[in-house]
Amino acid sequence: MNQHAVLRVVTKLLMPAILLFALYVQFHGELGPGGGFQAGVIFGVGFVLYTLIFGVRSARQVAPPGALRTVLGGGVLIYAGVGVAGLLLGGNFLNYSVLSHDPVHGQELGIQLIELGVGTTVAAAIISLFFIFAGQDRPE
Amino acid sequence: MIVGQLPILQVIVPLLAAPICAILPFRRLTWLIALAASLLALAIALTLLDQVLSDGPISYLLGDWAAPWGIEYRVDPLAAFLLVIVSALGSVIMLFAPTSVAREIADDRIFLFHAMYLLNLAGLLGMVVTGDVFNLFVFLEISSLSSYVMISLGQSRRALTAAFQYLIMGTVGATFYVIGVGMMYMMTGTLNMADLGTRLPAVAETRTIIAAMAFVVVGIGLKLAMVPLHFWLPNAYAYAPTVVSAFLAATATKVAVYVLLRLVFTVFGGPAMVGLPVDQVLLVLGIVAMFGASAVAIFQTDAKRLLAYSSLAQIGYMVLGISFLTATGLTATIIHLFNHALMKGALFLVLGCVFLRVGSVQISQMAGLGRRMPWTMAAFVVGGLSLIGVPLTVGFVSKWYLIQAALEKGWWLVAVLILLSSLLAMIYVWRIIEVAYFRAPGDDVLQIREAPVMMLIPVWILAAGNVYFGINAQQTIGAAQSAAAVLLGSGG
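Order-wise, the sequence lines are chains A and B.
Throughout, this note's numbering is defined as the position within the first sequence, counted from one, plus 1.
Throughout, this note's numbering is defined as the position within the second sequence, counted from one, plus 236.
Isolated chain A, as found in the complex (with noise of 0.2 Å):
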C-alpha cells in the first residue's frame, strides 16, 4: 500500500474522527441512538480501516495481544464491578439506584459504567477477531 498516497493520507485523517465519533456514540448512548456494543463496533472498526491500509505489524505494535486481551477482560470486570458494587452498597446485584445519593443520578450513572463495559470489550473483541484472520499466513 506504500504507493496509495491518497488511501494513507486520507486514512490518517479519518482515524481521529471515526475513533472520536465512536466515543460520542458511547457517551451520548443513554440520550440517543447509540450504546457501548455499537461503539465498541465503531471504534474496532477504525483499526480495522488501520491495519487495511498500514498492515498487521504496525497495527499490533498499537494494540499488542496482552493489552487487548487486559482490555477485552478489563470491560467484563468493569461491567461486573458495577453489579457488586451496587450489591455492596446494600441492593441487589445489577441495582444501579444505590450507586448514588437520587436513585435517578444512580441509574445514569449505573447505565454509563456498563456500557463503558461493554464498549471496551466489544471494541477489543472485534480487533483482535480482525487481527487473528488477517495475521493467519505469519504467525508473530
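None of these hints come from the bench; they were simulated from the model.
Heads up, some of the hints might be wrong.
Distance windows between CB atoms, simulated [said to hold, decoys possible]:
1. A/134 - B/595: 28 to 36 Å
2. A/106 - B/279: 30 to 38 Å
3. B/295 - A/20: 17 to 25 Å
One side only, chain B facing chain A, incomplete, derived with CB under 10 Å [said to hold, decoys possible]:
4. 240
5. 244
6. 245
7. 248
8. 251
9. 252
10. 257
11. 259
12. 292
13. 296
14. 299
15. 300
16. 351
Glycine residues also receive a C-beta, built at the ideal position from the N, C-alpha and C atoms.
Given the structure of chain A, go ahead and fit chain B onto it with the hints provided.
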C-alpha cells in the same frame, strides 16, 4: 446480608474470576484462581442446599426489579442439588488438573483453558439458578461457547473438527430453544418460568405452543445428546483434553437434563401436559439409547470413546426416568444425575492418569496396566462396577429406583430391559478390565510407573464417593425425593 446474596454470588464468583484469568498469563496463578473459585462455588452451593432443604425455595431479584418483569433467580431443592453436583465435580477436577493439563495442552494456552473452564462453570451454574427462560439461553450460550473452545484445545487436529461439529449442532440446538421461547413469549407475554407455568395451560392447545414444545425439547435434546441427536458427543469427548472430557461428561449433560426437567415440569406442567406426547417420545428414545449406545460402546477401541458412548446410554436412563412422570421415576433421574457424575468423573480421570503415563488411551495399549498402575486401575474397577450397577455402589441405587418406578407403573417389560442393558455395560467395562489385568504387559508398559499422588487423590475422592454414597444413600435420596416432590407439586 451476605446470605441473601448467595444465589447471585454462586454465578458471579466464577464469572469474575474468568476475565482475571484471561488477563494474567501465568498458569500456576490462574490454576490457583480457578481452584479457589470452584471451591468457593462449592461452599456457596452447599450452604444454599442446606438453606433450601430447611427453609424452602429462595427467590432473588436481579437489580431489584420485581419478578415477572425482571430476571428472577430461583433456588429450589432440585436447583440446589444440581449446584452441588456441578461445583463439587468442578472442584475435584480442578484439583486433578495441573499435571494432566500440562501434558495435554500447550503451555501458552493453559491460562486460557482456566479462563474458559471458569466461564463454563459460570454458565452451567447460571443455567441452574435462573428462573427465567431467556436468561437460561444466555447462560446456555456462555457454557456452550466456552466448551467449544475447551474441546478444540485437544492435542490431535481432529479436536478442531470435533469442536466445529459440536459448534454447529450446539448452535442449532440453542437456536431451536430460543425459537421455542419466542413462541411461548408471543402467546403468554412472559419469560419467567413460574409465570409461564401458570399462563401456559390457558393456551396449551394452540398450534404455536405445540410447535414451541417441539422446538424446545429438540433443542435441549441436542444439548444433552439424547439419541438420535447425539452425533457430536463421541468425537467431542474422545478428542478433547481428558480433563475437559471429564468435566463435560460429569456436569454439562447433567445440567442439560436439569433444563429438560425444568421445562417439562415447571413450564409445561409435567403430567398435566397436553398437545405433544413428550413422555412417550422420551420413553422410546431412552430405551433406544440404553441399548444402541451400549452396543456401540462394546466395539470401541479407544477407551475415551467407549466411555462417551456409555454416557449416551446413561443419558438414556435419565431420560427414561423422566418419561415415567412419577415421583419415583423423577427421583431415579435426579439421583442418577449425581451418581453418574461420580462414576464418569472417576472413570475419565483414570483415563487422564493413563494418558499421562502411557501417552494414549487405546484399549490395546493398556495391556498389563493393572500391575503397573494398581491404584489407578483399581479406581477404574470401582467406577466400572458402579457403571454396571453392582450393589454397594451408587449405580445400584440409581437402577434400583429406576426399576421400582417401572414396576410401580406396571411396565414389566421396561424393568426387564433396564436389567438387560446393564449386562451390556458389564461387557464393555469387562473389556478394559480384562486387558488391564489379564493380558501380559508389553515392553513399553513395563517402564510405566504409577500416576503421581496429586492425581490419585482426586481420582480416589470420586471412587470413594461411588462406594460411600452407594452404601449411605440417605442424604442423596432425601435431596432427590424432595426435588422430585417440588417438580411434581409445581406441575399441579
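Non-conforming hints, listed in increasing numerical order: Violated hints (numbers, rising): 3, 12; every other hint is consistent with the structure.
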